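Asker: Residue-level listing of the chains:
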Amino acid sequence: MAIKDELVKIVGSECISDDPGILESYSKDYSLTSPKKPVAIVKVKNPDDALRLVLSANENGIPIYPSSSKVHFYGGTIPRRDGAIIMDLSEMNKIVEIDERNRWVHIEPGVTWEQIQSVLEKKGFRSVIPLLPHAERSVLMDLLEREQPTACKFEYSEMVASMWVIWGLGEKFVTGSAAVNTFRQIGCYADGVNVQGPGTLDFWRFLQGAQGTLGIVTKGICKIEYLPVATKTFFFPADKVEELINPFYTIGHRYVGYERFILNNVTAAGILGDYNLKNSLPDWMGIIILAGLPVGRPQEMVDYQVDYIQNGLKKRFPTLNIAEKIDKVHVSNEERLAKMLTKPWPREKVYWKHAYKGNCHELIFMSPLKRAPEFVNLIYECAKSYGYSTGDVGIYIQPIEDMRACQIDFIFHYNPNNPNEVEVVRKVHQEATLRAVNYGAYFNRIYDGVAEVVFSLPRVQGYVNYIRRVKRLLDPNEILSPGKLCF
Amino acid sequence: MQNGKAKPVTFSLDFDLRNYLWDSKVCLACAMCKYGDWIYAVSPEVYDFGWICPEWEWGVIDHYGTSGRARLVNALLCGDIEPEYPTVKEVAFRCHLCGGCDMADKRNLELEPLMMHEALKVYLVDRGIGPMPEHRTIAMRIERKGNYFGKNPKERMAWSKEAGIKVAEKADVLYFVGCYASCKYSEIAQAVAKILNKARVPFMVMEEQGCCGYMLFVSGLLKEATETAKRTVKQIRDKEIKTVLCDCADCYRMLKVEYPKMIGIATKDLGFEVLHIAQYAANLIKDGGIKPVKKFENKVTFHDPCGLGRLSEPWTPWEGIRDPDDWGKLKPPRNFRRGTNGCYEPPRDVLRSIPGVELVEMFRHHHNAFCSGSCGGVREAFPEQQRFVTDVRMREADYVGANVLVTANPRSYEVFAESLARLQNGGMLRNIEEIDKRFSGNYTFKSLKKKKLSLESVHDLTVLLASVI
Amino acid sequence: MTSHYISVEEAQEKGKLLRGKEYWWEIPDEVYKKIEKVVGSQWVTRDKVARLAYICRGYNREFIWFAGQAFPPCCVVLPATAEEIAELVKIFNQHHLPYCPASSGWIVSATPRFRADVVLIDLQRMWEWKIDAEEMRLTLGPGVRYGHNAQGCFEYDCWFMNPGGGSAACVIPNHLNWGLSPLNYRMGNAERRIMGVEWISPEGDIVYMGSWSQEEDGFWGDSPGPNLSGILRGHVGQHGSMGIVTRMSVKIFSFLEDTPEVLVPEGISPRTHLAFKDLDKVRWVNVQFPSREAMQDCIYKLSHAQIGAAITKVPVFWRVLAASRDGVDYKNTFWEHWDKVTKEEIDNFHILRILICAFTSKEQLEYEVHVLEDITKEFGGKIRRTKPSDESWLKNADANGMWMMTSGYVSCDGAQESLRCAFATGERLGNLLFEKYGPPVFMNEYGDPGWWQSNDFGHSGYLEFLVYMNPDHYDPLSPFYKEEVWAKMLKWYLEEVPDIDAETGCTNFFCADSIAMLYQGPHFSDYQVWIDRFKEEFDPRILCNPPSPYDTEQLAELFPSWLKKSRALMRRAKRGKSTILGTPGHQATGIGMKGK
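Chains as they are written, first to last, in numbering that gives the first Met the number 0: chain A, 0 to 486; chain B, 0 to 468; chain C, 0 to 595.
These are computed hints drawn from the structure, not numbers from a lab. All values reported here derive from a predicted model rather than from experimental measurement. Do not rely on the hints blindly, as some may be mistaken.
[Said to hold, decoys possible] Derived pair list, reagent style DSSO-like, types lysine-lysine, alpha-carbon separation capped at 27 angstroms:
| hint | chain 1 | residue 1 | chain 2 | residue 2 |
| --- | --- | --- | --- | --- |
| 1 | B | 330 | C | 481 |
| 2 | A | 369 | B | 451 |
| 3 | B | 153 | B | 222 |
| 4 | B | 298 | C | 276 |
| 5 | A | 152 | C | 33 |
| 6 | B | 448 | C | 129 |
| 7 | C | 487 | A | 314 |
| 8 | B | 436 | C | 276 |
| 9 | C | 487 | B | 451 |
| 10 | A | 121 | C | 481 |
| 11 | B | 436 | C | 129 |
| 12 | A | 342 | C | 300 |
| 13 | C | 361 | B | 6 |
[Stated by the list, open to error] Ranges of calculated distance between the beta carbons of each label pair, as one might list FRET restraints:
| hint | chain 1 | residue 1 | chain 2 | residue 2 | range |
| --- | --- | --- | --- | --- | --- |
| 14 | C | 342 | A | 99 | 30 to 38 angstroms |
| 15 | B | 142 | C | 129 | 52 to 60 angstroms |
| 16 | B | 400 | C | 274 | 17 to 25 angstroms |
| 17 | C | 129 | A | 438 | 33 to 41 angstroms |
| 18 | A | 458 | C | 289 | 58 to 66 angstroms |
| 19 | B | 428 | C | 9 | 37 to 45 angstroms |
| 20 | A | 369 | B | 400 | 27 to 35 angstroms |
| 21 | C | 483 | A | 58 | 33 to 41 angstroms |
| 22 | B | 89 | C | 82 | 30 to 38 angstroms |
| 23 | A | 313 | B | 428 | 44 to 52 angstroms |
| 24 | A | 298 | C | 341 | 45 to 53 angstroms |
| 25 | A | 99 | C | 325 | 41 to 49 angstroms |
| 26 | B | 270 | C | 129 | 24 to 32 angstroms |
| 27 | C | 285 | A | 96 | 46 to 54 angstroms |
The beta carbon of each residue, even a glycine, is placed where N, CA and C say it ideally should be.
Using the sequences and the hints, build the whole thing.
Answerer: Right, here's the structure in full:
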């Protein structure tokens, strides 16, 4: 096979696979995206191999779909074009450097949440992590794909700074201040912590949410934080999500809490590791974790926040139910929660999103927090209209930046072995996307089933025309992840 | 290009425009001259009350203001534009000379924008380009009749014929009766007399007194204004007066600041003290000489007249060099007038002493006050600009919830009284529409949403005080 | 700049030599009439006096103006809406007429340079200010200025930064170009605060970014998929050379309860301030350290504890300047103090300023004070008494005061890198300035390493290095002009600073403005090549505010011929080593581009 010979010349035969079984495994993931087989999988070991691969793809017009995680949920790496190859970067998984003083970590794209958290924990640090991510997801990719962290107090700057990139037209590039030619050479003090490099363009912005359509990231510098040494967890049980909105705005505006989010009973049961709990849990639950940092006075830091919640907040919302325990739940769960949230979901257990029925399909969008209840009703209505039980819809509302906005995640659980359930979920998702868009939901994560809707909105056309011009500059031959977005 | 061996020229703070070439080039167009002191900046919701430069708020385009005029002065002195170019004259004479930019610029920089503006007018007049025709007419009236209104000089003392007014033949205190008090608002002159009589302060007046020359000065008619200054100072000195009392902020500013400036002496060398009646009355109240007893139950706001406030600091002449080899330092150092020691509290003390008065401040007050629009000869030459500016100031007083506006300057009183009538008859809406046209975007300031005027009356401080003692 | 008489004839003769071209350029009637049709005759003018008013305003204007390269625009237009601007831009493209957008005009790139055929688009009329205190955001027009904005936010118990650029700067252009302030310690960088954007492309299309790309609610800054707003600005902005932003929604932040009662304007000019009426809610703390190293370590540790709302070390001469404000002759009072300063004093004077706010409660403020005391004590720091007021950063920022000391000033280096990089770069610049570039070239700063602050709770640091010059020595129109001073100044800006930046790895955020990108680009992965590519793609006719972002070759050609030395210095940039040429990718560029 001509392509294979070409690839062998570039990366050597041991890195290439066209075994039908392996190709099959790369042709699908946990999403409902229609499967499509690549013609080869190329496991790159270093940026130069990746660059040569991209150059060759440019010459021969071969579509490349980069993949860094070992597990995928949204169909981002499933080919859309014939004759495509998957560039698998999961074996580029070195933690290159931990910069403790500036609180950053330099990692390759294959580094997973499990890998990074276990290393950082030993040094008393944590990375800024989404809600119990899969242990084998790529840290860099989740951050670039706008997975929101549970620690929504962070008002400041991006979670990824400099990145080492290969553009679609086959040029190495460094975004951010690590772009200096003498980076990490003696006499150079740059630590690559500025998201922007010199000058007037912000390449970081082009790469986020791009799903590998413009460039391939081969290394990145990610923000880390101190691991709290004192914590205190509060639960706000509620019958209706509406009851939690104003109290959440207040704690956000008063900068109280480290991790803050809202779950419905299904998702709460999921993260507590037992979906059987769902009927005994309150319908809604706000969760606030107060943290005391090791530098300073950890307990005092927790105490002034406890004081605010028990006095200030309670005074302002007398009917708000503030609990330190959840009824009918084993105490150890609550105690473990703060620690759990600094790590990915344990590898030995079935991933919490799949533990209920085997698989799930998610609808993720952004909205102002105050509009969340409307969206909950909208999606419930939509689910009902297709006979999908609202009791099976998991909901996770993640406020962002002290309640400036929130990301709402509707998790439609289903049994992958039941074709009817699969079909219903597919339809609910399709319809819910349409209704949500028409209702003002904002989609910044464009996955299968969403792209078609969002990129056809009349208002967005100007944007599409101009982002295509950026694509023309960075990947003129459209060899990177073609068909994933609006190019 | 030369590597100069030249010697720095000795120059003085006077009316020679060339002395402001440096200022015209240092000006950064930082916009403090537009908005005033940022510490006192208002919310964008009341943006129309956020300006210090009346001309700029009226005109919006940048040549209607100090930084634009600085570029113009630079171009004139470097020959990039002819003084005869039609708009040069318009832009120069639309300046109110209210000193707002001067105060604001001197917060962080040592420029002399007010002197530059005055010198620009003089520069144009010297070349036969200024002043505006309306200014010439008034100058002629002053020359012929000795007053702004062209009234028969004999009528100047009519106000004093009122029963009960005692004017001394000779006294240490001279009441310098302004054109407005003597020819238009005799109640002001009578109020001054009543206050002084009540406090048993003997005062005299000068039968031969003429106009203070304010209009000549602000029109750039330097020669005529200087003659007036010399004549008036001589008259006062000849009468061995110790204290001159003014009922008008413009007369006060002329006698205290501009006369010495034009004559080339320091205020302290005038040989007599110049006070505004507000200062004198505040002291009388403090010493128990008079006591406001009648109630005046109103929410009152005070408008600081430019001449009484930031422009009233004493004048000290300066001559020296700007040392090019020592970072452009002025040698000897110059005593900059920043509006810091203007007269701000005495009129407020007077108001506070009146039973029932609730004093509220407008957004722009003290050194940062907005001009009433009456200053600088703009009222005479560009009435539409003055009306716009005055109406904005009136809406500000109204917006802060005052039902009474008090000022201490007859010219300001006059424009405010006119404005009140105008706003009450639909002018409020017109002014709001004007502002709307200037600052568009699909947003309207909160201040433009109030369409009904609740302000009820305008008072001159002296008349108000006389009515409650 | 001369403070000394110059005859009209002499000025004209020198001016001609410097400018090398006609000063006035008249816009063709045909185009002028089209503009009138769009905005109405009241809002466009070609009156010479109006055009003069827009010459060379704001920062760095000296270099352009004094070199004779500041020209009046051919007309000034004041549009009111995005639609009007889009139409205008299409007209300019049709007639190949360059245009320059300006809001506050507080930077030289907001005025015509090097050519007289530029239309100035004055955005001052575009006024919009809507606040959503609950979701902490503002929707703004380009005319809104920081000083007003700050007061507006206070009235809703919110706050926002005021930049080094000063309270007079307009929020939108400043956010598009810099947006830096000590408050970024907590608020993050300006590029992240930008959310919804209404953008007129260089060719006149109206494009929406952020959540505005899909709906009317500008509550978030990401766009669907890749974020196009990457073309609006990087570490520094495009200086109006990549379209015009006509509307923006920006993040603001929750502040103190009852802010207007806590922060009250007081005083008479020049000594005015924002009085702190409740020290349990807000206070500035000054800490003096025994050594620079102790101060540097303490900045790190305070940032690790994530306390305070600002942690900043400013140049010592700013403190002297502030203390001189009361003097009737401010400048001379400053010099009386500054002339007495010695290098030893500067080497041993280390003050850190920390802003503490009760965001949560009195208890939270007390907690932060306790931690501050613990940590500063650990490094031998002594807490000094401070005034219960703010004169800078919360509402007011006296940027124009920078010109007070010598009447000539430039921020020659500014960077957002790690704190240690800021420390090292500042120290190198301070020492070199003291050793080789003292008077008469620059004011003696006695080795002060400049302005440092912690950003992102210490995840990054900030450096700004300022130099002060004597205009009488570098203004060719001055009888005291010294060509060697001009040459040494250029050597500093164009050689020394970029060299130190390249050595320490400091990305200078003035390199698209006062220092051309080509000086830094080759040392930083050839960013200049990308900037050219994007400019070529989005503004093919190069009509959008030329020559920003500066192209060195173009600058070298544009500078007057008598400035031979500066031309040579500019061309030097070409000698920078290209990283792209060193990669196999470069060959592919050819292949790639062919596919266009």
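Asker: With the threshold set at 27 angstroms, check whether the alpha-carbon distance from residue 298 of chain B to residue 276 of chain C stays at or below it.
Answerer: Satisfied, since the Cα-Cα distance of roughly 25 angstroms is no more than 27 angstroms.
Asker: Holds or violated: residue 487 of chain C and residue 451 of chain B, Cα atoms, limit 27 angstroms.
Answerer: violated, 63 angstroms
Asker: For residue 342 of chain A and residue 300 of chain C, compute the direct alpha-carbon distance and say whether it is at most 27 angstroms.
Answerer: holds, 26 angstroms
Asker: Does residue 448 of chain B pair with residue 129 of chain C here, judged by a C-alpha cut-off of 27 angstroms?
Answerer: It holds: about 15 angstroms lies between the C-alpha atoms, which stays within 27 angstroms.
Asker: Given the range 24 to 32 angstroms, decide if the beta-carbon distance of residue 270 of chain B to residue 129 of chain C lies inside it.
Answerer: Since the Cβ atoms of residue 270 of chain B and residue 129 of chain C sit about 60 angstroms apart, the hinted range of 24 to 32 angstroms is violated.
Asker: A range of 41 to 49 angstroms was offered for this pair. Does it hold for the Cβ distance of residue 99 of chain A and residue 325 of chain C?
Answerer: At 46 angstroms between Cβs, range holds.
Asker: If you check the beta carbons of residue 298 of chain A and residue 341 of chain C, does the distance land in 45 to 53 angstroms?
Answerer: holds, 47 angstroms
Asker: Just to be sure I understand the hint, the distance between the Cβ atoms of residue 369 of chain A and residue 400 of chain B should be within 27 to 35 angstroms; is that true here?
Answerer: Holds: the Cβ-Cβ distance is about 33 angstroms, inside 27 to 35 angstroms.
Asker: Please check whether residue 89 of chain B and residue 82 of chain C have a Cβ separation lying inside 30 to 38 angstroms.
Answerer: Cβ of residue 89 of chain B to Cβ of residue 82 of chain C: about 32 angstroms, so the range 30 to 38 angstroms holds.
Asker: Quick check on a hinted range of 44 to 52 angstroms for residue 313 of chain A and residue 428 of chain B, using CB atoms only.
Answerer: With a Cβ separation near 50 angstroms, residue 313 of chain A and residue 428 of chain B satisfy 44 to 52 angstroms, so the hint holds.
Asker: Is the distance from the Cβ of residue 400 of chain B to the Cβ of residue 274 of chain C consistent with 17 to 25 angstroms?
Answerer: holds, 23 angstroms
Asker: For residue 142 of chain B and residue 129 of chain C, compare the CB-CB distance with the range 52 to 60 angstroms and indicate the outcome.
Answerer: holds, 56 angstroms
Checked against the numbered hints above, the structure breaks hints 2, 5, 7, 8, 9, 10, 13, 17, 19, 21, 26 and 27 and satisfies the rest.
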